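Participant: Next come the chains, spelled out residue by residue.
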Amino acid sequence: MVSPKTLYDKIWNEHLISDESGTSLIYIDRHLVHEVTSPQAFEGLKLSGRKVRCPDKTVAVPDHNIPTTGDRSKGIENIESKIQVDALRDNANYFGITYYDVDDIRQGIVHIIGPEQGWTLPGMTVVCGDSHTATHGAFGSLAHGIGTSEVEHVLATQTLIQKKSKNMKVNVTGSLGEGVTAKDVTLSVIGKTGTAGGTGHVIEYAGSVIEGLSMEGRMTVCNMAIEGGARAGLIAPDHKTFEYVRGRAMSPKNSQWEKALTYWKTLYSDPGAHFDQILNLDGSEIAPVVTWGTSPEDVLPIDGKVPDPKEFEGGKIEAVKRSLEYMGLNPGQRLEDINIDTVFIGSCTNGRIEDLREVAKVMKGRKVKDGIRAMIVPGSGLVKVQAEEEGIAEQLKQAGFEWRFAGCSMCLAMNPDQLAPGERCAATSNRNFEGRQGRGGRTHLMSPAMAAAAAVTGRLSDVRNL
Amino acid sequence: MDKFTVVEGVAAPMPLINIDTDMIIPKQFLKTIKRSGLGKNLFDEMRFNEDGTEIPSFILNKEAYRSSKIIVAGDNFGCGSSREHAPWALLDFGIKVVISSSFADIFYNNCFKNGILPVVVSPEERDALMGDAEKGSNARISVDLEAQEIIRPDGTTVSFEIDDFKKHCLLHGLDDIALSLEKEKSISDFEKKNKSQKPWV
Ligand code: SF4
Numbered sequence: 001m002v003s004p005k006t007l008y009d010k011i012w013n014e015h016l017i018s019d020e021s022g023t024s025l026i027y028i029d030r031h032l033v034h035e036v037t038s039p040q041a042f043e044g045l046k047l048s049g050r051k052v053r054c055p056d057k058t059v060a061v062p063d064h065n066i067p068t069t070g071d072r073s074k075g076i077e078n079i080e081s082k083i084q085v086d087a088l089r090d091n092a093n094y095f096g097i098t099y100y101d102v103d104d105i106r107q108g109i110v111h112i113i114g115p116e117q118g119w120t121l122p123g124m125t126v127v128c129g130d131s132h133t134a135t136h137g138a139f140g141s142l143a144h145g146i147g148t149s150e151v152e153h154v155l156a157t158q159t160l161i162q163k164k165s166k167n168m169k170v171n172v173t174g175s176l177g178e179g180v181t182a183k184d185v186t187l188s189v190i191g192k193t194g195t196a197g198g199t200g201h202v203i204e205y206a207g208s209v210i211e212g213l214s215m216e217g218r219m220t221v222c223n224m225a226i227e228g229g230a231r232a233g234l235i236a237p238d239h240k241t242f243e244y245v246r247g248r249a250m251s252p253k254n255s256q257w258e259k260a261l262t263y264w265k266t267l268y269s270d271p272g273a274h275f276d277q278i279l280n281l282d283g284s285e286i287a288p289v290v291t292w293g294t295s296p297e298d299v300l301p302i303d304g305k306v307p308d309p310k311e312f313e314g315g316k317i318e319a320v321k322r323s324l325e326y327m328g329l330n331p332g333q334r335l336e337d338i339n340i341d342t343v344f345i346g347s348c349t350n351g352r353i354e355d356l357r358e359v360a361k362v363m364k365g366r367k368v369k370d371g372i373r374a375m376i377v378p379g380s381g382l383v384k385v386q387a388e389e390e391g392i393a394e395q396l397k398q399a400g401f402e403w404r405f406a407g408c409s410m411c412l413a414m415n416p417d418q419l420a421p422g423e424r425c426a427a428t429s430n431r432n433f434e435g436r437q438g439r440g441g442r443t444h445l446m447s448p449a450m451a452a453a454a455a456v457t458g459r460l461s462d463v464r465n466l
Numbered sequence: 467m468d469k470f471t472v473v474e475g476v477a478a479p480m481p482l483i484n485i486d487t488d489m490i491i492p493k494q495f496l497k498t499i500k501r502s503g504l505g506k507n508l509f510d511e512m513r514f515n516e517d518g519t520e521i522p523s524f525i526l527n528k529e530a531y532r533s534s535k536i537i538v539a540g541d542n543f544g545c546g547s548s549r550e551h552a553p554w555a556l557l558d559f560g561i562k563v564v565i566s567s568s569f570a571d572i573f574y575n576n577c578f579k580n581g582i583l584p585v586v587v588s589p590e591e592r593d594a595l596m597g598d599a600e601k602g603s604n605a606r607i608s609v610d611l612e613a614q615e616i617i618r619p620d621g622t623t624v625s626f627e628i629d630d631f632k633k634h635c636l637l638h639g640l641d642d643i644a645l646s647l648e649k650e651k652s653i654s655d656f657e658k659k660n661k662s663q664k665p666w667v
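From first to last, the protein sequence lines are chains A and B. In terms of this note's numbering, the first sequence opens at residue 1 and continues consecutively. In terms of this note's numbering, the second sequence opens at residue 467 and continues consecutively.
If you are wondering where the hints come from, they were derived from the structure by calculation, not from laboratory data. These figures come from a predicted structure and were not determined experimentally. You may find that some hints are simply not true.
Capping the alpha-carbon separation at 16 Å, the derived lysine to aspartate or glutamate pairs in EDC-like fashion look like this [what the hints assert, rightly or not]:
(1) 664/B to 258/A
(2) 163/A to 642/B
(3) 659/B to 325/A
(4) 659/B to 642/B
(5) 633/B to 468/B
(6) 649/B to 19/A
(7) 164/A to 630/B
(8) 163/A to 14/A
(9) 633/B to 20/A
(10) 651/B to 9/A
(11) 164/A to 629/B
(12) 166/A to 9/A
(13) 163/A to 629/B
(14) 649/B to 56/A
(15) 601/B to 620/B
(16) 310/A to 325/A
(17) 661/B to 56/A
(18) 664/B to 56/A
(19) 658/B to 104/A
(20) 163/A to 19/A
(21) 57/A to 468/B
(22) 51/A to 650/B
(23) 163/A to 20/A
(24) 166/A to 276/A
(25) 164/A to 325/A
(26) 163/A to 615/B
(27) 164/A to 9/A
(28) 74/A to 104/A
Listed below are several chain B residues computed to face chain A (Cβ distance under 8 Å; list not exhaustive) [said to hold, decoys possible]:
(29) 486
(30) 492
(31) 497
(32) 499
(33) 501
(34) 503
(35) 511
(36) 514
(37) 541
(38) 576
(39) 652
(40) 656
Yeah, the Cβ is synthetic: ideal placement off N, Cα and C, and Gly gets one too.
Turn these sequences into a full structure, and let the hints steer you where they fit.
Facilitator: Pasting the structure below:
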């Protein structure tokens, strides 16, 4: 009898080209490219006279640097950003790679457009020079971030030198309470494991809560696997996955669809497959959460209080002192008493249509509090148009939100969307590191519904009590 | 890539845990299309005031540590973004070795592609080396990749584990791409098989 395998084992084995002394060469099915981590890789290719091995498996899009306001067809004002975006366009043309330009409706955050266009499919290996590539694991693909040297390696060889990770399972059972979303699940998992808890592992998320999530919600969960230190996060594909990918521009059609579907249905962890680590969570115990510190593991339920550094151990004591100082918070302060200046809704974690619908639901009959800067940055041009067609855009503009073009925007503030020093933000993105959203900026991570609640009250708030 | 043999010098202590790549090289410096020149912005927001003057208390601004080639760091060094600008900035500054009890995955891999050696030691060994590093200019540490050994100022040694393939590439300054392209036949065979079995890929 063949030994039972995990989903990760199966995808790994299917892509293994050679396996020598613990170092493996694996085949890469999809390579997503953006402007920040690719110029040096393309330059390396040119210098060594190499070509892109599979331009048809590669797609490029600018997202990190681009402005989200104004007339984008006029080009980018910031010279360095312009050079980077121009370089991506030139390189894509030169090497024959599909490219969605800034004024193309299909442009958007690389991790949003991959699934949207059907580039991401179950069972694939997907890489991108960006740590949140784990997002694509929601489709039952093995997806992870790589560095620029590896970007060059994949461009030249369509392979990657890898060491197999260990298997970890995160089981979220039961069901979620009202007002609790995929973002609360993924943040709570990181709160439990810590930012290094998944290091060396690929996490498979499973259990009734995960099965109950929409594809958008599953993407939110997998997106933050990296924040728990994992190499990748994935979820076994099911009928929701297949329905989502059916009919997308790049997904298989007709007889190929049937063939693909037959294969995709084999993508699950066999009963009895070995996991090196298992974490069980009861969905009913997960509350709407926010982060209070400068690490994604600094998570607490919204009805909690800012912790005291004394409650921690080892190196974390100093880290907590430092982060409370940076965040301008005091131990014992109620999280719900923390006033905010800004609300940012967007990013590859929560910039999809379902997230915007969630915000619209909370904002129904309500307004953004006076004096609060609130912005919505859809994850892609198509998400933006869909929200406009559904009337969400108009409703949210009426409620006081700024309505932007698609891009990474204030998730990492490489474009003009930044926090000022000391400015406090309720953000739906994935990182609350020092300076992440602008030097001195203070970030609290949360779900779109919770961010909307904060917009209404002007402070961190429990969406259930609005 | 330069060959890595032995690196010897003063090590800078950075006990903070979870030093992320946003700290190592903040995003405003990612707009370059070159690999070089990032050293001057290494740890920018910790190292410089907003007006560009140095923050004297930051370790690499202290006289003894200005030309450190080694960093001894707290747990989970290099977490966060996959930006290879982080190892580029370290290297451009002159850092060739980072010693910690754990590293984030992508950062760890990125180091090897750039001739930087990340050394994993136990938490106790890290604390001992942190103590050495805190002694400043009189306490020189030597890291020998071939022997897989750190030689402490008092002459005692700490040995470390490293993947054979990574060690080999680092010692010989080998380019991964050339190595993988030697497997051209296996790659093409794989692609042929894939084309018939999974034509949609
Ligand atoms: S939205 Fe944020 S996390 Fe996602 S790709 Fe852009 S910068 Fe990275």
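Participant: Work down the list of hints and note, for each, if the structure agrees.
Facilitator: How the hints compare with the structure:
1. The suggested pairing of residue 664/B with residue 258/A holds, with an alpha-carbon distance near 11 Å, which does not exceed 16 Å.
2. Note on residue 163/A and residue 642/B: the hinted pairing holds, with a Cα-Cα distance of about 14 Å set against a maximum of 16 Å.
3. A distance of roughly 57 Å separates the Cα atoms of residue 659/B and residue 325/A; the hinted pair therefore is violated under the 16 Å criterion.
4. At most 16 Å may separate the alpha-carbon atoms for a hinted pair to count; residue 659/B and residue 642/B exceed this at roughly 25 Å.
5. Proximity of residue 633/B to residue 468/B is assessed by CA-CA distance (about 13 Å); at most 16 Å being required, the pair is judged to hold.
6. For the proposed pair residue 649/B and residue 19/A, the alpha carbon gap of about 11 Å is at most 16 Å, so the pair holds.
7. A distance of roughly 15 Å separates the Cα atoms of residue 164/A and residue 630/B; the hinted pair therefore holds under the 16 Å criterion.
8. Simply put, residue 163/A and residue 14/A have alpha-carbon atoms about 15 Å apart, close enough for the 16 Å limit, and the pair holds.
9. Between residue 633/B and residue 20/A, the direct Cα distance comes to roughly 15 Å. Compliance with the 16 Å bound is thereby established for this hinted pair.
10. With a CA separation close to 24 Å, the supplied pair residue 651/B and residue 9/A exceeds the 16 Å bound.
11. With a C-alpha separation of about 13 Å, the suggested pairing of residue 164/A with residue 629/B holds against the 16 Å cut-off.
12. The suggested pairing of residue 166/A with residue 9/A holds, with an alpha-carbon distance near 9 Å, which does not exceed 16 Å.
13. Simply put, residue 163/A and residue 629/B have alpha-carbon atoms about 10 Å apart, close enough for the 16 Å limit, and the pair holds.
14. Straight-line distance between C-alpha atoms of residue 649/B and residue 56/A comes to about 21 Å, which puts the hinted pair past the 16 Å bound.
15. At roughly 12 Å between alpha-carbon atoms, residue 601/B and residue 620/B fall within 16 Å of each other, so this suggested pair holds.
16. A C-alpha spacing of about 15 Å is found between residue 310/A and residue 325/A, which places the hinted pair at or below 16 Å, so the restraint holds.
17. Taken as a hint, the residue 661/B and residue 56/A pair is honoured in the structure, with Cα atoms around 13 Å apart against an allowance of 16 Å.
18. For the suggested pair residue 664/B and residue 56/A, the alpha carbons sit about 15 Å apart, so the restraint of at most 16 Å is met.
19. Taking the CA atoms of residue 658/B and residue 104/A, the gap is about 34 Å. The hint is violated against a cut of 16 Å.
20. For the suggested pair residue 163/A and residue 19/A, the alpha carbons sit about 9 Å apart, so the restraint of at most 16 Å is met.
21. Proposed proximity of residue 57/A and residue 468/B is contradicted: the alpha carbons are some 32 Å apart, above 16 Å.
22. Simply put, residue 51/A and residue 650/B have alpha-carbon atoms about 14 Å apart, close enough for the 16 Å limit, and the pair holds.
23. Annotation: proposed proximity of residue 163/A to residue 20/A holds, straight-line Cα distance about 10 Å (limit 16 Å).
24. At most 16 Å may separate the alpha-carbon atoms for a hinted pair to count; residue 166/A and residue 276/A meet this at roughly 6 Å.
25. Of the supplied pair hints, the one linking residue 164/A and residue 325/A is violated, its CA atoms being roughly 40 Å apart against a limit of 16 Å.
26. In summary, the hint linking residue 163/A to residue 615/B is not supported, as the alpha carbons are separated by about 23 Å, beyond the 16 Å threshold.
27. Only pairs whose Cα atoms come within 16 Å are accepted, and residue 164/A paired with residue 9/A is accepted, the gap being roughly 9 Å.
28. Between residue 74/A and residue 104/A the CA atoms are separated by roughly 13 Å; this keeps the pair inside 16 Å, and the hint holds.
29. Against a cut-off of 8 Å between C-beta atoms, the interface hint on residue 486/B holds, since the closest Cβ of chain A lies about 5 Å away.
30. The beta carbon of residue 492/B is positioned within 8 Å of a beta carbon in chain A (closest approach about 6 Å), and the interface hint is therefore held.
31. Interface hint status for residue 497/B: upheld, as the beta-carbon distance to the closest one in chain A is roughly 4 Å, under 8 Å.
32. At about 4 Å, the closest approach between the beta carbon of residue 499/B and any beta carbon in chain A falls short of 8 Å, and the interface hint on this residue holds.
33. Annotation: interface hint on residue 501/B holds; nearest CB of chain A at approximately 5 Å, less than 8 Å.
34. For residue 503/B, the suggested interface contact is broken, since its CB lies about 12 Å from the closest CB of chain A, more than 8 Å.
35. Against a cut-off of 8 Å between C-beta atoms, the interface hint on residue 511/B holds, since the closest Cβ of chain A lies about 5 Å away.
36. Restraint check, residue 514/B versus chain A: the minimum CB separation of about 11 Å is more than 8 Å; hint violated.
37. Satisfaction of the interface hint for residue 541/B is found here, the shortest Cβ-Cβ separation to chain A being roughly 6 Å, below the 8 Å cut-off.
38. The closest approach between the C-beta of residue 576/B and any C-beta of chain A is roughly 4 Å, which is under the 8 Å cut-off, so the hint is satisfied.
39. Because the closest C-beta pair between residue 652/B and chain A is about 5 Å apart, less than 8 Å, the hint holds.
40. Annotation: residue 656/B was flagged as interfacial toward chain A, and the flag holds, the nearest CB pair being 5 Å apart, inside 8 Å.
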